[in-house]
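Residues per chain are reported as follows:
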Amino acid sequence: MSIEESIKRHSFFRDIGMDVSSIARYAQHTTFEADHFIFREGDDADAFYLITHGKVSLELSTAHRGRIIIQTIDEDDVLGISWLFPPYKWHFDARALTLTRLIRIDAAHVRRMCDEDNVFGYRVMSKLASIVMKRLQAVRLQLLEIEEM
Amino acid sequence: MMMHDNGKSVINPYLPRIHKVKRIKRETHDTFTIEISADGFKFMPGQFNMLYAFVGEVPISISSDPADGNVIMHTVRRVGHTTSALCSLKAGDSIGVRGPFGNPWPVREQEGNDIVVVAGGLGLAPLRPLIYHLLSNRGRYGRIYLLYGAKTPRDILYRNELARWRARFDVDVYVTVDKADERWHGNVGVVTSLIPRVHVDPLHSSAFVCGPEVMMRFTTRELINLGLNAERIFISMERNMKCALGICGHCQFGPEFICKDGPVLSYSRIARLLSIREV
Amino acid sequence: MPFIVERDEFNGFFTALRDMGYEIIGPRVRDSVIVYDRLDSVDDLPIGMTEQQEKGVYRLRKRDDGALFGYTVGPHSWKMYLFPPRIRLFTAERHDSNLKVVEEQYSAKRLAFVGVRACELHAIQIQDRVFLNGTFKDQVYEKQRKNVFILAVNCTVSSSTCFCTSMNTGSMVGSGYDLVVTEVLKPRHHFLVDVGTSLGHELLSKVKHREASREEVEHALSMVEENARVMSMMGRRSIDTKNIKELLYNSYESRHWDDVEERCLACANCTMVCPTCFCSTVEDVVDLKGEHAERWRVWDSCFSDEFTYMHGSAVRRSRGAKYRHWITHKLASWIDQFGTSGCVGCGRCITWCPVGIDITEEVKALQQGYAAGR
Chain A
1 MSIEESIKRH
11 SFFRDIGMDV
21 SSIARYAQHT
31 TFEADHFIFR
41 EGDDADAFYL
51 ITHGKVSLEL
61 STAHRGRIII
71 QTIDEDDVLG
81 ISWLFPPYKW
91 HFDARALTLT
101 RLIRIDAAHV
111 RRMCDEDNVF
121 GYRVMSKLAS
131 IVMKRLQAVR
141 LQLLEIEEM
Chain B
150 MMMHDNGKSV
160 INPYLPRIHK
170 VKRIKRETHD
180 TFTIEISADG
190 FKFMPGQFNM
200 LYAFVGEVPI
210 SISSDPADGN
220 VIMHTVRRVG
230 HTTSALCSLK
240 AGDSIGVRGP
250 FGNPWPVREQ
260 EGNDIVVVAG
270 GLGLAPLRPL
280 IYHLLSNRGR
290 YGRIYLLYGA
300 KTPRDILYRN
310 ELARWRARFD
320 VDVYVTVDKA
330 DERWHGNVGV
340 VTSLIPRVHV
350 DPLHSSAFVC
360 GPEVMMRFTT
370 RELINLGLNA
380 ERIFISMERN
390 MKCALGICGH
400 CQFGPEFICK
410 DGPVLSYSRI
420 ARLLSIREV
Chain C
429 MPFIVERDEF
439 NGFFTALRDM
449 GYEIIGPRVR
459 DSVIVYDRLD
469 SVDDLPIGMT
479 EQQEKGVYRL
489 RKRDDGALFG
499 YTVGPHSWKM
509 YLFPPRIRLF
519 TAERHDSNLK
529 VVEEQYSAKR
539 LAFVGVRACE
549 LHAIQIQDRV
559 FLNGTFKDQV
569 YEKQRKNVFI
579 LAVNCTVSSS
589 TCFCTSMNTG
599 SMVGSGYDLV
609 VTEVLKPRHH
619 FLVDVGTSLG
629 HELLSKVKHR
639 EASREEVEHA
649 LSMVEENARV
659 MSMMGRRSID
669 TKNIKELLYN
679 SYESRHWDDV
689 EERCLACANC
699 TMVCPTCFCS
709 TVEDVVDLKG
719 EHAERWRVWD
729 SCFSDEFTYM
739 HGSAVRRSRG
749 AKYRHWITHK
759 LASWIDQFGT
769 SGCVGCGRCI
779 TWCPVGIDIT
789 EEVKALQQGY
799 AAGR
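Protein chains in written order, with my numbering: chain A, 1 to 149; chain B, 150 to 428; chain C, 429 to 802.
Extracted from the complex, chain A is given alone in its bound form:
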């Protein structure tokens, strides 16, 4: 499958209703073995990832309890949101839990596309906002559950 086809089929772009072929020019397939880091907290958030296979954990290192897994994300999910907001630094570590295949898209290019084509920018923003909202709700539930369970 061409990278363009893979991007079009991924849940993030599947129903965006725009031509995404130009994104493909700034995208590449990438693979991580289990336990390898995809990015580290504090690194430049210069890309965003579409997971096409595998499982990724978002983690934080803590002084007392070692590494804490905040969340896991899977095939057809999006990895990385910090690339959209200054100062463009990753807030978590991302680690492949199993053999993981992703499409890495150059963030600067997508940001440029959003600036130039506001309709495209709006749709990308809407998609990301809904992901952020779902994760926020999950965190809220997580907080409540920790009290209740």
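Take these hints with a grain of salt, some might be off.
[To be verified] Derived lysine-lysine pairs resembling DSS-like cross-links, with alpha carbons at most 30 Å apart:
#1 C:K528 - B:K174
#2 C:K528 - B:K409
#3 C:K528 - B:K169
#4 C:K717 - B:K174
#5 B:K328 - A:K89
#6 C:K673 - B:K409
#7 B:K409 - C:K574
#8 A:K134 - B:K328
#9 B:K171 - C:K528
#10 C:K717 - B:K239
#11 C:K528 - B:K191
#12 B:K191 - C:K565
#13 B:K409 - C:K571
#14 B:K328 - A:K127
#15 B:K171 - C:K717
#16 A:K134 - B:K300
#17 C:K528 - B:K239
#18 B:K169 - C:K717
#19 C:K565 - B:K169
Honestly, the hints are just simulated from the structure, not real lab data.
For this one, chain A is given, so just place chains B and C on it according to the hints.
The following block gives chains B and C in isolation, referenced to the frame of chain A:
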């Protein structure tokens, strides 16, 4: 126990019947399964017993296979005085049992449908008899999903069963934990984050949900987003209970007595009350 | 066919009831209130007494006549005899790994309730539905209930806190009595007596009586009707029960509960004095050696934190939510649960509330709030 005669009790319904403890199985650091002799005791998935341990009595869901005529199981988390006494019992000890009480999971009415079972924490216990029932009557149901969320990997109940169910090709089992360290290679996130994995025909699907109330609220919302009918989403409620007979008044949730109108109720029946504080 | 029993013969009921093996329970003055307790003769009744009742107020007052039933209801209700405040459910013995549970043997005394009001008879019938008509019968209640003789009284007086006419429970006694009497003070102190059961007939046969004339019947009953008319007048307490269930079910999120929160003390008085409130809890008592245990059932109140305690905290913590539960149960969910309102309009909860919360005013406030969309 001959509890009924033309709908009326003939035996003092406050009186526990004595059963023998066969085994106490440690499930997690704070949760134990108390296995007692069945002695003719029959129940339906989703029902509960009042367990008497000399120092007090508590309502505990029945967590064993309803088709097993030898043993009745109750999974108990050690949190207070009475539950600690229950968890400290040993094989051969006596235990007082009243029951079974309550409205069961309506399994017959959902035949032919796809089934989504969602459990949070100890909520897996009253769902286990349901899962046993679904699997021993596998042909009567469409796709079956089990989504289970625990607090941390060490809180996961029934690891053997989960592994066995996972190995089957005719049921999709997903487990997630709220928090984990790097040794955990499974899902991390709340149980609702598993719902996108569910691929059912929403018009012909039923869901059975049990867990903390807030988890059930979030879960039912997601199931309705998926297109399920609120009348076919069933949740098992919990309230303080003293008698289990509909007399002590404690377990009221609006007009419902959780002990006899519940614990299993359709979401459509209580959706509004669930969204109101301090009911 | 109604009958007449003269005042001087009234003690005959007491003598005859005792001869029939009944212990007589009825109103008498104790600690400046009219309570229900054991009576030995007609002289134990609060003769010539009445009370002044208002929100948070109860005062005994003297009447200027010798009326036997010239008052209404005090803090007690008959439920204390049918649904005992404290009763042992069973005892248990434990030796090594053996546990033995010993069933409690309940015996019921034959009790004659003298002076049961229309609202109270309704309250008894409401508790019958709770304890006898469910999936499980309460054995203690059933046993005692079968051994009760009811001598009811039609009300010819009312307190300002009474609102039975608006709840359709008074002032005339409807059904469920063995005997019902109407007290007539003038021109001659006597009682109109009506028979409800063969047992009532048996009692009456042991007391000197004669057939009542039509005029005597009309005169006595007109006083009961007049009392009902007075209670139904403008300015008197009442609850408009039209759509009451819908009103309360739709008021769960009313701001009015915040207002109640400011006043209610969650003292539980309303639930203790209410003749229909039936909640109970259990207490386990274990001896020091851990060999002998007892389980007791005791009255409980939905106003305590322990009532809804679960996993480390109470479900209903605020007083507003507790009162909301109580009044919603009483006036709305009771109808869904037992096919009847849980309120008989006796007004006890109004009198005995230390801060003067008045169920009739709360309903009106909810009705106004609902109409105004609050």
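Going down the list of hints, with the structure as the test:
With a C-alpha separation of about 24 Å, the suggested pairing of C:K528 with B:K174 holds against the 30 Å cut-off. Of the supplied pair hints, the one linking C:K528 and B:K409 holds, its CA atoms being roughly 28 Å apart against a limit of 30 Å. Between C:K528 and B:K169, the direct Cα distance comes to roughly 12 Å. Compliance with the 30 Å bound is thereby established for this hinted pair. About 28 Å separates the Cα atoms of C:K717 and B:K174, which keeps this hinted pair within 30 Å; it holds.
As the CA atoms of B:K328 and A:K89 are separated by approximately 24 Å, the hinted pair is consistent with the 30 Å bound. Our distance criterion of 30 Å between C-alpha atoms is met by C:K673 and B:K409, whose separation comes to about 22 Å. The suggested pairing of B:K409 with C:K574 holds, with an alpha-carbon distance near 26 Å, which does not exceed 30 Å. Under the criterion of a C-alpha separation no larger than 30 Å, the hint pairing A:K134 with B:K328 is consistent with the structure, at around 17 Å.
Of the pairs offered as hints, the one joining B:K171 and C:K528 holds, with about 18 Å between alpha carbons and a cut-off of 30 Å not exceeded. Restraint check for C:K717 and B:K239: the C-alpha separation of about 19 Å stays at or below 30 Å, so the hint holds. For the given pair, C:K528 sits about 22 Å from B:K191 by alpha-carbon distance, which is consistent with the 30 Å threshold. About 22 Å separates the Cα atoms of B:K191 and C:K565, which keeps this hinted pair within 30 Å; it holds.
About 24 Å separates the Cα atoms of B:K409 and C:K571, which keeps this hinted pair within 30 Å; it holds. Under the criterion of a C-alpha separation no larger than 30 Å, the hint pairing B:K328 with A:K127 is consistent with the structure, at around 26 Å. Among the hinted pairs, B:K171 with C:K717 is consistent with the structure: their alpha-carbon atoms are about 25 Å apart, no more than 30 Å. As the CA atoms of A:K134 and B:K300 are separated by approximately 19 Å, the hinted pair is consistent with the 30 Å bound.
Between C:K528 and B:K239 the CA atoms are separated by roughly 17 Å; this keeps the pair inside 30 Å, and the hint holds. This hinted pair checks out: B:K169 and C:K717 have alpha carbons roughly 22 Å apart, not beyond 30 Å. Restraint check for C:K565 and B:K169: satisfied, since their Cα atoms lie roughly 28 Å apart, inside the 30 Å limit.
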